[in-house]
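There are 2 protein chains.
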Amino acid sequence: MTQLSRRHLLTGAAGAAAATALTPFAASSARAAAPAAGKQGPSFYRYKVGSIEGTSLSDGANTFPMPDTFVRNIPKEQALAAAEAAYMPKGMVRVPFNPQLFNTGGKLVLIDCGSGSTPNPNVGHLMANLKAAGVEAKDVDMVIMSHLHPDHTNGIKAADGSLAFPNAEIKVPAADWAFWMSDENAAKAESNPMMKNYFANVRRVYTGVPADRVTKYEWGKEVAPGITSIDANGHTPGHTAFAVASGNARILVQSDVTNIPEFFLRNPDWHVAFDIDPVKAVETRRKFYDMASAEKALVVGFHFSFPSIGYVEKDGAKYRLVPIAWSPAI
Amino acid sequence: MTQLSRRHLLTGAAGAAAATALTPFAASSARAAAPAAGKQGPSFYRYKVGSIEGTSLSDGANTFPMPDTFVRNIPKEQALAAAEAAYMPKGMVRVPFNPQLFNTGGKLVLIDCGSGSTPNPNVGHLMANLKAAGVEAKDVDMVIMSHLHPDHTNGIKAADGSLAFPNAEIKVPAADWAFWMSDENAAKAESNPMMKNYFANVRRVYTGVPADRVTKYEWGKEVAPGITSIDANGHTPGHTAFAVASGNARILVQSDVTNIPEFFLRNPDWHVAFDIDPVKAVETRRKFYDMASAEKALVVGFHFSFPSIGYVEKDGAKYRLVPIAWSPAI
Numbered sequence: 010m011t012q013l014s015r016r017h018l019l020t021g022a023a024g025a026a027a028a029t030a031l032t033p034f035a036a037s038s039a040r041a042a043a044p045a046a047g048k049q050g051p052s053f054y055r056y057k058v059g060s061i062e063g064t065s066l067s068d069g070a071n072t073f074p075m076p077d078t079f080v081r082n083i084p085k086e087q088a089l090a091a092a093e094a095a096y097m098p099k100g101m102v103r104v105p106f107n108p109q110l111f112n113t114g115g116k117l118v119l120i121d122c123g124s125g126s127t128p129n130p131n132v133g134h135l136m137a138n139l140k141a142a143g144v145e146a147k148d149v150d151m152v153i154m155s156h157l158h159p160d161h162t163n164g165i166k167a168a169d170g171s172l173a174f175p176n177a178e179i180k181v182p183a184a185d186w187a188f189w190m191s192d193e194n195a196a197k198a199e200s201n202p203m204m205k206n207y208f209a210n211v212r213r214v215y216t217g218v219p220a221d222r223v224t225k226y227e228w229g230k231e232v233a234p235g236i237t238s239i240d241a242n243g244h245t246p247g248h249t250a251f252a253v254a255s256g257n258a259r260i261l262v263q264s265d266v267t268n269i270p271e272f273f274l275r276n277p278d279w280h281v282a283f284d285i286d287p288v289k290a291v292e293t294r295r296k297f298y299d300m301a302s303a304e305k306a307l308v309v310g311f312h313f314s315f316p317s318i319g320y321v322e323k324d325g326a327k328y329r330l331v332p333i334a335w336s337p338a339i
Numbered sequence: 010m011t012q013l014s015r016r017h018l019l020t021g022a023a024g025a026a027a028a029t030a031l032t033p034f035a036a037s038s039a040r041a042a043a044p045a046a047g048k049q050g051p052s053f054y055r056y057k058v059g060s061i062e063g064t065s066l067s068d069g070a071n072t073f074p075m076p077d078t079f080v081r082n083i084p085k086e087q088a089l090a091a092a093e094a095a096y097m098p099k100g101m102v103r104v105p106f107n108p109q110l111f112n113t114g115g116k117l118v119l120i121d122c123g124s125g126s127t128p129n130p131n132v133g134h135l136m137a138n139l140k141a142a143g144v145e146a147k148d149v150d151m152v153i154m155s156h157l158h159p160d161h162t163n164g165i166k167a168a169d170g171s172l173a174f175p176n177a178e179i180k181v182p183a184a185d186w187a188f189w190m191s192d193e194n195a196a197k198a199e200s201n202p203m204m205k206n207y208f209a210n211v212r213r214v215y216t217g218v219p220a221d222r223v224t225k226y227e228w229g230k231e232v233a234p235g236i237t238s239i240d241a242n243g244h245t246p247g248h249t250a251f252a253v254a255s256g257n258a259r260i261l262v263q264s265d266v267t268n269i270p271e272f273f274l275r276n277p278d279w280h281v282a283f284d285i286d287p288v289k290a291v292e293t294r295r296k297f298y299d300m301a302s303a304e305k306a307l308v309v310g311f312h313f314s315f316p317s318i319g320y321v322e323k324d325g326a327k328y329r330l331v332p333i334a335w336s337p338a339i
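Respectively, the protein sequence lines represent chains A and B.
According to my numbering, the first sequence is numbered sequentially starting from 10.
According to my numbering, the second sequence is numbered sequentially starting from 10.
It is possible that part of the hints are untrue.
Copies of the same chain are indistinguishable here, so a pair counts whether it falls within one copy or spans any two.
Taking lysine-lysine and the DSS-like style, the derived pairs with C-alpha atoms no more than 25 Å apart in a straight line are [to be verified]:
| id | residue 1 | residue 2 |
| --- | --- | --- |
| 1 | 230 | 289 |
| 2 | 305 | 289 |
| 3 | 305 | 57 |
| 4 | 99 | 57 |
| 5 | 323 | 99 |
| 6 | 323 | 296 |
| 7 | 99 | 305 |
| 8 | 48 | 140 |
| 9 | 296 | 327 |
| 10 | 85 | 305 |
| 11 | 327 | 289 |
| 12 | 197 | 225 |
| 13 | 85 | 289 |
| 14 | 289 | 323 |
| 15 | 289 | 205 |
| 16 | 85 | 205 |
Since the hints were made in silico from the structure, they are not lab data.
Let's have the full structure, built from the sequences with the hints guiding it.
What follows is the structure, encoded as structure tokens:
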């Protein structure tokens, strides 16, 4: 270092002031101002579960005016107050979306695949974040759906209608498939605009997907190496959580056992609008979180804030989420 | 999409099973298994403060066996219990490090610059994350030190001893400079190994830095466009926090008003080993956090987990940190 060899020693306050500058300081104002980046960095985060490598991938986060019925069984004012207490913009609710990729050593397995191509600029970023993480869509071996709501399953199709993961087996919960593909159920949902849309969406998305690509899975099975499906129904009839395990390590992928934790972990008896059987969903939630908190398990939540991983603690009749400390290395 | 044109319609559970696959599914097992990435993604996070663009940059995180005196005024067992309650590995303490970059429109201003070149592989990652964020070290106009502890200031030098930010003005708190550069203070610290090391380190790091590169700043001044220095002494005699403001937006850069929040926000009266005047540090902490919680200010903490930004709430005589929800877009 030239400065060192020139012995510009600043060994004291007095010395500092007296030191002669042989290397004049080029005024930075002579250089052009650096432009603002204007965009966020990639949102992917890696973690290990034993020998399995997990990658949390953001599909985006949506902030929108809270619908009157976002929480069905409490006054809207109470939900708005909870949102504000969680620092969401006044009158709004914020919902993030986080599919998970697992490299099991032999297989690249994606759990849920986001909203896919959509006019909403706040979501549909899975493929960009996957690419940022160095993963090619063609290398994904399997996409496992936790359930068949659009924010979890629509990303199976690219904008041009082709399969977004051209070499992947698609695994769907048998009970969800049976429910959504039932013409009888669809007919019953005609009077409910939200449900009517959901039925139409599932059919639209899976239209054209070759039958041999889609495998229906049951609960309590190893659906991929180290990944076991867990009955978590209530949110939808086939809604599934997962245990990802390797050696002594285990992580629970809760899918939508709760929607946003600021609401439904803090208030586990609240019914989110999207629960098909909200009473069963509450029962599932309490059972799941009593287990997760007792074993101090790491939990991944599709609707937790990125990187969407944390510990859940009992807090009287409620629960609280303690986000993991971001690790800059794995 | 070929599948669509071939009308492999899966419109029901029965239809799905019956559909003929004209596009046989290439078994993914025929492809080579994707290798694990084996490393974390970049750790930078962008946010806006009015028209100012902030970037939180991880310099790393260090997890180490808790020294007996990490918290001076409580039994070690109590600190170990707090660490375990915060999901740190048993017997260990985890300390992250997060410098902040602000693009003020005219200037690229870095607050603190990490540990620099060090044999410890867990730290010293600022330059890599800065590069990942698309910023060249030569484009940084100013590096402002909150105080002159090694994890904040050593990164001013590259591994070869040259200036890591070759075009940057270096701003140091006048009171810290006077304290650390005083031969009288250094002599008094001879009997305290930690303080002796700190005095030696400051002198080593600033040896060879041309005097005209280093500006001493006072408190209550706009040290860079939109960035005002705040007296936060106690941790060190010149320890400084910052308010970054633009339009109606404001964020507080707390520097080391608390070390890790799991310990010192939850227990604001605990004395971290590194506080030079721990009683004053506690007074500063309470004053700072009473203000921050009252105005619901966003707070950046050098030792908060990346992205190191959150809201602080009063919780009786304690405080709690509510990390911000990660925004996948800015």
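25 Å Cα threshold - placement of residue 225 relative to residue 197: within (24 Å within a copy, 74 Å between copies)
If the cutoff is 25 Å on CA atoms, where do residue 48 and residue 140 land: within, between, both or neither? Let me know, please. both (16 Å within a copy, 15 Å between copies)
Between residue 99 and residue 305, at a C-alpha cutoff of 25 Å, which is it: within one copy, between copies, both, or neither? between (34 Å within a copy, 14 Å between copies)
Taking 25 Å as the upper bound on the Cα-Cα distance, should residue 85 and residue 289 be classified as within, between, both, or neither? within (22 Å within a copy, 45 Å between copies)
Homo-oligomer pair classification [residue 57, residue 99; C-alpha up to 25 Å]: This pair counts as between: shortest inter-copy Cα distance 18 Å, intra-copy 37 Å.
Have a look at residue 85 and residue 205 and pick one of within, between, both or neither, based on CA distance no larger than 25 Å. Answer is within: at 24 Å inside a copy they meet the 25 Å cutoff, but 60 Å across does not.
Classify it for me, residue 305 with residue 289: is the Cα-Cα distance of at most 25 Å met within a copy, between copies, both or neither? Intra 24 Å, inter 37 Å, cutoff 25 Å: intra-copy only.
Up to 25 Å CA-CA - residue 57 versus residue 305, copy category: Intra 16 Å, inter 35 Å, cutoff 25 Å: intra-copy only.
Could you figure out if residue 323 and residue 296 sit no more than 25 Å apart (CA to CA) within one copy, between two copies, both or neither? within (12 Å within a copy, 32 Å between copies)
Indicate which option fits the pair residue 230, residue 289 if close means a Cα-Cα distance not exceeding 25 Å: within, between, both or neither. within (22 Å within a copy, 59 Å between copies)
Go through the copies and call it for residue 296 and residue 327: within, between, both or neither, with a Cα cutoff of 25 Å. within (12 Å within a copy, 32 Å between copies)
Between residue 289 and residue 205, at a C-alpha cutoff of 25 Å, which is it: within one copy, between copies, both, or neither? within (21 Å within a copy, 63 Å between copies)
When the structure is compared with the earlier hints, no violation turns up for any of them.
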